[in-house]
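Protein chains in written order, with the numbering used here: chain A, 204 to 347; chain B, 17 to 400; chain C, 17 to 590; chain D, 1454 to 2055.
Rather than coming from a laboratory, the hints here were simulated on the basis of the structure. We treat Cβ as the ideally placed atom computed from N, Cα and C, and that holds for glycine. Misleading hints may appear alongside valid ones.
To be verified - Capping the alpha-carbon separation at 27 Å, the derived lysine-lysine pairs in DSSO-like fashion look like this:
(1) C:K385 with B:K74
(2) C:K305 with D:K1487
(3) B:K297 with D:K1787
(4) B:K236 with B:K297
(5) B:K297 with C:K385
(6) B:K54 with D:K1840
Said to hold, decoys possible - Simulated DEER-style distance windows between Cβ atoms:
(7) D:P1495 with B:G97: 22 to 28 Å
(8) D:K1882 with A:A330: 35 to 41 Å
(9) C:H284 with A:F206: 39 to 45 Å
(10) A:Y281 with C:I248: 38 to 44 Å
(11) D:P1947 with B:A228: 58 to 64 Å
Claimed, not checked - Short derived list, chain C residues pointing at chain A, Cβ under 7 Å:
(12) E519
(13) V520
(14) F542
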Amino acid sequence: MSFEPKIVGFLCNWCSYTGADLAGTSRIQYPPNIRVIRVMCSARIEPDFVLRALASGADGVLICGCHPGDCHYSEGNYKAMRRYPLLKRMLKDYGVDNDRVRLEWVSASEGQRFADIVTDMTERVRALGPLRIKTDLQTDMVER
Amino acid sequence: MAIRVNPKLIDELETYGAADVQNCYHCGNCSATCPFSKEPFVIPRRSMRNLQMGLEEKLKGTFEPWLCYYCGECSQQCPRGAEPGETMMSLRRWLTSRYDLTGISRLFYRSWKAELAALILVSLVTMVAFLVMGFSLGHGSLGVYAGAGALFPDHLVHILDLALAGLLAAVLLTNSIRMWWLTTGRNRNLHISLWSYVKNVFLLPYHFLSQARYSQCEKKLPWLTHLAIFLSWVTMEVLVILLLERFHSPETVWAAHVFGYLATIGLLGGTIYAMVGRVRKRETHYKHTHPTDWMFLILIAGAAFTGIVQHASYRWLGLDSVANIAYLIHMMFVVPLLAVQIPFSKLSHLAYRPLAMYLATLHTDALAAQEPAVAQTEPVRLAA
Amino acid sequence: MEELKIGVFICNCGSNIAHHVDVDAVREAVEAKPGVAIARSYKYMCSNPGQDMIARDIREHQLNRVVVAACSPRMHEKTFRNACRNGGLNPYLCEMANIREQCSWVHSDQLAATEKAKALTNAAINRVRYHEPLESLTAEMCPATLVIGGGIAGLTAALELADAAHQVYLVERTATLGGNLARVDLTAPHLDSARDLLTERITRVRANSRITLMLNSELQSLAGYVGNYAAIIRTKNGSGEVQERKVDVGNVVVATGYQEFDAGRITHYGHGKLPNVVTSFEFEQMLRKGRIETRHGKLPQYAAIIHCVGSRNKEFHPYCSRVCCMTALKYAHELKSANPACYVSDIYVDMHAFGKGHEDFYKTTSEVKTLFLMFEKNERPVVRKAGPNDDCEMLIEVNETLSRERIEIPADLIILMVGMEARADSGEVARLVNISQDKEGWFMESHPKLDPVATTTDGIYIAGTCAAPKDIPDTVAQARAAAARILGKIAKGKIEIDGVFAEVNEDRCSGCRMCNELCPYSAIEFNDETRRSHVIPAACKACGACVAACPSGAIKGRHFTVEQLHAQIDGVLA
Amino acid sequence: MARVGVFIGQFHSDSRIAFDSLASYAANLRAVEKVRLLGLRPKVDVKSLAEEIRRERLDRIVLAGDSPGYFKPAFTRALELAGGDPSEVRLASFREHGAGSVEVTDRAKAVLACAVHGVPYPLVAVPKPTVVHPATLVVGGGVAGIQTALEIADAGKQVYLVERTGTIGGHMAMFDKTFPTLDCAACILTPKMVAVHDHEMIELLTNSEVISVSGTPGAFKVKVRKRARRVDLSSCVACNACTEICPISVWSEFDSQLTHRKAIYIPFPQAVPNAYLVDPEACAWVQSGGTRCGVCVKKCPKECINLGEQDQTVEIEVGNIVLTTGYDMLDAAKVERYGYGKYPNVLTSLEFERMTNASGPTGGKIVTKTKQKNRRLKVEEWVADPKGPPPRSVAIIHCVGSRDTNYNPYCSRVCCMYSLKFAHLVREKLPGAACYEFYIDMRAFGKGYEEFMERIKAEGAHVVRGRTAQVIEADGALVVKGEDIVQDRLVQYPVDLVILAVGLVPATGTAELAKLLGVPRDPDGFFSELNYNGDPTYTERGGIYVAGMCQGPKDIPDTVAQASAVAAGVLRSISTGGMGNLDSLTLSDIEERAAKMQVSER
């Protein structure tokens, strides 16, 4: 049975979460590997959420927000856009491959786009194989 | 190459009786209900569409209207009251006028007053001719057919009849050839072998006499009425034209007279039934009546009635003078009926209908040979 | 922490969830989880018996947390919070798991979908442990309303509110009222006068003291929240200089209408090149002036009307503009009335005569001998100049469906039924009032059936063709529906604000003031004496930007706290 | 003073208007110089008309008639040719203002007078406002009635919601999915039903009917007959015990006769009020005057059943009445050629909706009916058994009895879209099955409808343009005979199941209710709105509104929008006074006002 990656998705309530719901009402199928957590705005996602997800066994993290200019709170997604490159640089030092954490803009009417992003990311993370930070951490803790 | 649409044709067809065809929104109900509608002749919708769009060449190029026997199923079901039955009837009238090159038929259909005038003219001419001939040949007295004082000696009437019949046959033949040319002859991509023409020629007399297709309607009465009128008319023609002497000879040849009486009953009964139907307008095919229909029925009824009156007054009552007058009026009905109705009006369908059935068979066989008929139940996969 | 008693309710949603998710397996999986007092499943949780079940269970088992695994929270979070409130439980102690739109509807593999449903429900259970009871706030509701757009929709909404004795500010960008309808002569299908309808509305608007009419004006900015909006209106008066005016309103009705599709974009119709190819609005102009003739003054013997110009078409707009079919039939009658000898051809795709009296109107149009020609949706009728020996100005070539012929249609005058499209500046309006647009640019209603006139933003309503193409009766109905929602809110007097907003923990706040400029709604003010920042609850929109950015983690995002989200992350990966 | 010429023409041959008395009335209006009767569908010669206008030096033309708009272009041309101002052609449309019959000739005169003064009739004909009692009566508990009741009650005003059957929810409660978003009808409707049930400002009267209305607009006294439910609403918890014991079973109306229900029943599990009721015609106890059966009374654990309960009549005072009585389906058996009633596997769309519903008789499975022995009634009958054989191919026929002068001449507006939805459901639930759809015009006009249609076609449903003419039975299978217009071929498809998209008619009882309230109806039987464009939800009777299907077929979003629009009128009338009856205004009132009225047009 091929490796089934676990991907945690942080979706903002007004655009990307609505877009994911639209994928549902339009019955657009996509891989079940993504598990969505709803936040009010992409600005609410703290870098340490991403770290915690990876540490708790996620093989990939997807952050979605509104297209720039569309944010319900007018500038929330710009903050996420600023935090994301810093986080990515840090993750590289942890040995987390570039494709494992991704930031995408999905509007309320882009059900198909959301499904395509999830499908594409699942394929990439499956190719990268399991992350195993969680198991390493547990072994470290046991050794210490 | 695109065909030009001519929105004016529909106005012209209105004078032929197609008053509601523009209401058709093409739901296909009539073609699916029509008992005669089979590939490759889906009637009546295709012809109605060509009419709406004024595709005159296509309309002239099809004999589909002749395949319809006006059972009225389609008009009853039509959701828009577009009267497909009456439209096909009007198309038949229009085609009749198209097959006739002289243009007289077109004149008659477009204004019924013209036809009426022509009928009256012909009957007056006949009367004068008979009277003049009668007085000059008939030794100054009005006599009844053969024997002393006959208006017209039988042999002369006989010759006149044959001449008239020959002339009418010629006119009908040219119109039929034109019908063949328009619908089949000029059609390049349809190859009908000579053998196919010969093999199926028996269809002409078969349909002419039996109107077999009319019998396929659900309601049989219209077919029987039509058959009665038709056979009676043919019998009368045979008696009057071919066996004139024996029919008019003083001693009664019972065989001839029995047929005579039957024919008269057939003619009178049929026409009266049709006229009452058209007045009451209860069946769909009697709902709409074009003036030419009335003239046609009145002429036949008149001819039959006067025929029996002059026969009865001469044979049974011996009232020669009454018989003479009745005979004269009889001729005033018969000659216009033959001279006008056959070539230029409704009666010409006696040639076109059997020809249409014949051509239909030829076309179907040819088409079947050229491209295998698409199985009707094979569903069409629309969206790729 | 009091002893946790969580009630988990899993919905079948008829077959929508049960079709791909094994609901009983999910129930068994979560039943054993720590803190779960009871786990049930039912066919329709959102129905009357479903909600009663929640309330009853809360009372009988003294539940202090509720998890509902069903459809999207955007659909029924409010419904299940009410059910908890009826059971005596604070509504914010309820959490939903979306196992329909984001699980059973999108994953057909039963095993994977059930696993995902278990994970999502488990995450909700983890999260609900850290939920705290919250109280919603109330704020005053300003009874005034801002109506944007002076067309039939704006006029009707303004009158409905003003007649109910409430203040209305009607903002219209141009100098006159009437919008697109002012350019129309008669309306379909009864050929009533559009002018009389507008005159009645405009006269009543101008005579109504409660409507402040602002022509040549545009909305400059909108601040605040439902019940307490501050709008700045910019007006250009006669001499060109600009004044700005602030008005306080409780709600906003957006009724900005549509713009017509530019027929020139379709080259093969030749609009702009051939003089006698006119759009429907140009023909309305001709009708109003009484000059129904070709450019060189000749009465058209042949006229043709082409439908779906820019609509129902891959290259331009995929949607149907809904009103042009009936308008085209109207033109057929008007052409025949102006010139009884005119032959009218109507070139259509599907005849959309769906409304009251429309089919009858379609039949009368047939009776006056209009020739209906049908073409396939993405077929391209080509218009070209006729030859010298043709008895008409132009010829239209098209593959006609009903006769399966390629035909040429004679036409001296061609009317293009141009479709409707979203206004070019609808993007700005959407950003100003903070509502979203669909991919065609039409404003998106919050739910087509639950709430056809409300938007995702509370207090902002949309009415008429700015939401989607529609005819006058539907526009008037929507305008009054928006007014009804506002009247309902005003009658209640108070506005209930969601209890979810940010809160500064005074002892941890270091006074660095980073959050002050960060907040897009300037809802965080700095107290100089205590040297601490403080959040204004009513103004806070709970986006959580400040919570994430605070270096000392001093700001708590109520209902989206760090503990709750961490628990949810662990739960979703368990 | 403008010199006015009045021309009176007739377009519809069936108009019964007193043209002559209107002509004489127009003649003695002060500003009118010339009056001419044009007759039925007049052929107007523009040149001689222009000549006449110039000769009479007319500044304004008033075109009066049933639908004068049909003659307007010719008159505008004539006025322009005569050098006048083309915008001075005014319409006096009698049909638009409900003055299209001889009984309302006075109103026609009023419309004429307004046009002569160049003033829109609705601006002038505003009856004196009346004080309005704050309570509102809503007749009909479908989605329209529920929406209106909620909007009015949410604004704090009392609502009486009267519903004829045992539960609110109407037809929408019967559906599984709704177009175009395919979200489930229950998910939209049930929460609103719960809100109605819990709302303290809404008094729900199910199993009840309006029997008399008196009083004036703003102060109506309404008598409502509450038919005996024979089950105590407050104590019944729908435990289903009584149904199991009840011996009588009849066809279930809610399940459109697909299955049986008992004499004591609940229409559907999520019904509101969520309680059982007794069908008096079916119940043996009631029919026998209390001598037979009655087993359910003892079986009920909470003694809620009182079979002897009598009907009551309640009188309520309300200021406004909202009619949301919805629709029924045309009897499909009337269109004999489709064989409904003759062939068991020819279903109406409502029956198919119930079949696809997850909480329906077949649990959402699409099956063909099979002949089964009904043990209780000892008779063979065709039943939709969940375990029955699924159809291999399905045909859906549009416009059954619609757009047809022999039945309903009008289009029922929703059938194209729900038929597409059916095609989707067939393809989704029976992947192998072939699905044919026969339509004349595919009317996908709403938001997101066109894209929905394209998606269904892409899923492989055969969408054939051409209405089926006949459904016949040939060797065991049903055969659908029709003509495929686009392929220009006669087609015959053998199918196992035929679904008829039957045309919609006003709900039974609409005629009596209309007579009771004095609300006019249009020739198709639906309630007539005050003004087609301007006031689609008002009627000419003050204080009486219409919303939803009862005013004409429409889909759910349009119904909900109309229902909310009615709420606006009701709330406004309560706060600042409502409209009186239109015919409370005399002709002279209107003439005076029209003369003094100043209009602004921009």
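Starting from the hint 38 to 44 Å, judge whether the C-beta atoms of Y281 (chain A) and I248 (chain C) obey it. 24 Å, violated
Regarding the hint that E519 (chain C) lies at the interface with chain A, is the smallest CB-CB distance below 7 Å? 14 Å, violated
Quickly compare the C-alpha distance for K305 (chain C) and K1487 (chain D) to 27 Å and report which way the hint goes. 23 Å, holds
K54 (chain B) and K1840 (chain D) were given as a pair; does the straight-line alpha-carbon distance stay at or below 27 Å? 40 Å, violated
So if I understand the rule, the pair passes when the alpha-carbon distance is 27 Å or less; does K236 (chain B) with K297 (chain B) pass? It holds: about 18 Å lies between the C-alpha atoms, which stays within 27 Å.
Outcome for the supplied range 58 to 64 Å, where the beta carbon pair is P1947 (chain D) and A228 (chain B): Roughly 30 Å apart at Cβ, these two residues miss the hinted range, so it is violated.
Quick one, are K385 (chain C) and K74 (chain B) close enough, alpha carbons at most 27 Å? Roughly 20 Å separates the two Cα atoms, so the pair holds.
Grab the minimum C-beta distance from V520 (chain C) to chain A and call the hint holds if it beats 7 Å, violated otherwise. 16 Å, violated
Distance restraint evaluation - H284 (chain C), F206 (chain A), Cβ atoms, bounds 39 to 45 Å: Violated, at about 54 Å.
Quick check: does the Cβ-Cβ distance between P1495 (chain D) and G97 (chain B) fall within 22 to 28 Å? Check passed, 24 Å falls within 22 to 28 Å.
Keeping to a limit of 27 Å between CA atoms, is the pair of K297 (chain B) and K1787 (chain D) held or broken? Since the Cα atoms of K297 (chain B) and K1787 (chain D) sit roughly 24 Å apart, the hinted pair holds (cutoff 27 Å).
Classify the hint on F542 (chain C) as holds or violated, based on whether any CB of chain A lies nearer than 7 Å to its CB. Constraint on F542 (chain C) not satisfied, violated at 20 Å.
Figure legend: structure checked against the earlier numbered hints; hints not met, in rising order: 6, 9, 10, 11, 12, 13 and 14.
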